[in-house]
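K.L.:
The chain contents come next:
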Amino acid sequence: DGGITQSPKYLFRKEGQNVTLSCEQNLNHDAMYWYRQDPGQGLRLIYYSQIVNDFQKGDIAEGYSVSREKKESFPLTVTSAQKNPTAFYLCASSIDWAARAYEQYFGPGTRLTVT
Amino acid sequence: AQSVTQLDSQVPVFEEAPVELRCNYSSSVSVYLFWYVQYPNQGLQLLLKYLSGSTLVESINGFEAEFNKSQTSFHLRKPSVHISDTAEYFCAVTFRTASKLTFGTGTRLQVTL
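Chains as they are written, first to last, in my numbering: chain Z, 1 to 115; chain U, 1 to 113.
Certain hints may be false.
As the list claims (entries may be wrong) - Examples of chain Z residues toward chain U, derived with CB under 8 Å:
#, residue
1, 43
2, 99
3, 100
4, 107
5, 109
6, 111
Unchecked claim - List of simulated lysine-lysine pairs, DSBU-like, C-alpha gap at most 30 Å:
#, chain 1, residue 1, chain 2, residue 2
7, U, 49, Z, 57
8, Z, 57, Z, 70
9, Z, 9, Z, 70
10, U, 100, Z, 9
11, Z, 9, U, 49
12, Z, 14, Z, 57
13, U, 49, Z, 83
14, U, 100, U, 69
15, Z, 83, Z, 57
16, U, 100, Z, 57
17, Z, 83, Z, 9
18, U, 49, U, 69
19, Z, 57, Z, 71
20, Z, 14, Z, 83
21, Z, 70, U, 100
22, Z, 71, U, 49
23, Z, 71, Z, 9
24, Z, 83, Z, 70
25, Z, 57, Z, 9
26, Z, 71, U, 69
27, U, 100, U, 49
Rather than coming from a laboratory, the hints here were simulated on the basis of the structure. Yeah, the Cβ is synthetic: ideal placement off N, Cα and C, and Gly gets one too.
Work out the full structure: start from the sequences and follow the hints.
P.N.:
The structure is reproduced here in structure tokens:
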């Protein structure tokens, strides 16, 4: 079955450590996205990638980094510079950049806890 | 700034009762409208969407939403809820001048016996 996988489901880290969240899709989608979800705040866009080898900052990119070396993979690194990293992180994709407006598919999410 | 408002953070309802989850958006520009559902510790699933055409859209599990341009609303309704409908529901809007998906803060629907 086609879809988006995120691993791990739960992640625990000590403050000051960088951590990388995995996102893989086998939908053959060009565009991929990372969102952060906090209670009572909805989803906020961290980074997006229109196509392989390209990525752009979203609304809250500070303290995060990404890469897009393969079409199916879009890992997110939460760096020690991110002041409040504890959150639920969701990866999404769309068939192409234009479809971001009307058809995004979401992965199951990774819950990151930093203490 | 363009925004999406879900006024109710939580909606408790008894099983088999009707429910309405409210969603309003800030601008009258052309929009695409969506409802997503999120079950505990899971990702978002698209419930239904309005892109054009009929203002009343339906999902396969009995939910419906109506696009009201004059009131800039896209409320979600179900005539009879089930325990399994317990989840968080997010309204999302693409303001076509921005082509960016903007989410509301979510409404937690709690269905009890």
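K.L.:
Of all the hints given earlier, name the ones this structure violates by number, lowest first.
P.N.:
Hints 2, 13, 26 not satisfied by this model.
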